[in-house]
Amino acid sequence: DTEVTQTPKHLVMGMTNKKSLKCEQHMGHRAMYWYKQKAKKPPELMFVYSYEKLSINESVPSRFSPECPNSSLLNLHLHALQPEDSALYLCASSQDPSDTQYFGPGTRLTVL
Amino acid sequence: DAKTTQPPSMDCAEGRAANLPCNHSTISGNEYVYWYRQIHSQGPQYIIHGLKNNETNEMASLIITEDRKSSTLILPHATLRDTAVYYCIVRATYNQGGKLIFGQGTELSVKP
Chain A
85 DTEVTQTPKH
95 LVMGMTNKKS
105 LKCEQHMGHR
115 AMYWYKQKAK
125 KPPELMFVYS
135 YEKLSINESV
145 PSRFSPECPN
155 SSLLNLHLHA
165 LQPEDSALYL
175 CASSQDPSDT
185 QYFGPGTRLT
195 VL
Chain B
25 DAKTTQPPSM
35 DCAEGRAANL
45 PCNHSTISGN
55 EYVYWYRQIH
65 SQGPQYIIHG
75 LKNNETNEMA
85 SLIITEDRKS
95 STLILPHATL
105 RDTAVYYCIV
115 RATYNQGGKL
125 IFGQGTELSV
135 KP
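Respectively, the protein sequence lines represent chains A and B. With the first sequence counted from 1, adding 84 to any position gets you this note's numbering. With the second sequence counted from 1, adding 24 to any position gets you this note's numbering.
Watch out, some of these pointers could steer you wrong.
[What the hints assert, rightly or not] Quick list of the computed label-pair ranges, beta carbon to beta carbon:
1) A/LYS106 - B/THR80: 33 to 41 Å
2) B/THR50 - A/ALA164: 37 to 45 Å
3) B/PRO31 - A/SER139: 30 to 38 Å
4) B/THR80 - A/ARG147: 39 to 47 Å
5) B/SER49 - A/ASN101: 41 to 49 Å
6) A/SER149 - B/GLU82: 21 to 29 Å
7) B/MET34 - A/LYS125: 33 to 41 Å
8) A/ASN101 - B/THR80: 44 to 52 Å
9) B/ILE87 - A/SER149: 24 to 32 Å
10) A/SER139 - B/MET83: 40 to 48 Å
11) A/GLY98 - B/GLN66: 25 to 33 Å
12) A/VAL96 - B/ALA116: 36 to 44 Å
13) A/SER139 - B/THR80: 28 to 36 Å
Hints were generated in silico from the structure; no laboratory data involved. Note that the structure is a prediction, hence the values are computed from the model and not measured. C-beta: ideal position from N, C-alpha, C; glycine also.
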C-alpha cells in the first residue's frame, strides 16, 4: 500500500480566512513533505519533516505554517493568503528522507 | 543534485513503445536517476529509479548508459492512460535531506 491521502480535494478561501490542509499516510513512513505546484509548472518543495521534526523550510512565507502532530499526519495551516498562493498543494511521504517519495492526489487551493 | 534535460513534448502511437530520453551529464557517482509521471491535475506517481544498472518493473524499464550521462524510460506498450508529464530527476539520496527537484519534464501524448 503506497497511499497518501489529502483533504480537502478542493478549497476556496478568502484572503482573511484561516484554513488547514491535511495529509495522512499509514505506511509507517517517517518523512513527510509539502510541495506547491502552480499551473503548468513542476512541483516545488516547501517543507520536509523528518521523524516529526521540521528539517527543511524552503524560505516559505510565514502565512504557511506546517505541523506534524504525529508520524502519520501532516498539516499545513493557511492564514492571510494572497491570490498568487492559488495552486495545487501536494503532500508526499517516504520511509526516511533518503527513500522514494510517494505523493498524494493534492489539494486544489483557490484564494479569492 | 545534477540537472536534467528532457524534450518538452513527445508523441507516441497507442500500443507502441514510448522511449523517453533524459540527459544528466553532470551526474555524480552517488546520484540516482528517478522517474515520476503526473497525469493531469493528479499527484506525481513514482515509476522507477536506478543507480547504474538497468531496471525493470511492472510499469516500465529504465536504461542507463554506461557513463551514466543519460537514461531512457521505456513504456513497452503505451496506452492512452499513459498520457502524462514525465519527470526525470537526479537525486543524491543522502544529501539535501530529501529534496526532490523537478525539472520541466516531457509531456507525452499517446494517440490512438
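So, going through the hints one by one against the coordinates:
| no. | hint | verdict |
| --- | --- | --- |
| 1 | A/LYS106 - B/THR80: 33 to 41 Å | holds, 36 Å |
| 2 | B/THR50 - A/ALA164: 37 to 45 Å | holds, 41 Å |
| 3 | B/PRO31 - A/SER139: 30 to 38 Å | holds, 34 Å |
| 4 | B/THR80 - A/ARG147: 39 to 47 Å | holds, 45 Å |
| 5 | B/SER49 - A/ASN101: 41 to 49 Å | holds, 47 Å |
| 6 | A/SER149 - B/GLU82: 21 to 29 Å | violated, 39 Å |
| 7 | B/MET34 - A/LYS125: 33 to 41 Å | violated, 19 Å |
| 8 | A/ASN101 - B/THR80: 44 to 52 Å | holds, 48 Å |
| 9 | B/ILE87 - A/SER149: 24 to 32 Å | violated, 43 Å |
| 10 | A/SER139 - B/MET83: 40 to 48 Å | violated, 30 Å |
| 11 | A/GLY98 - B/GLN66: 25 to 33 Å | holds, 27 Å |
| 12 | A/VAL96 - B/ALA116: 36 to 44 Å | holds, 39 Å |
| 13 | A/SER139 - B/THR80: 28 to 36 Å | holds, 33 Å |
In the structure shown, a violation is registered for the earlier hints numbered 6, 7, 9 and 10, in ascending order.
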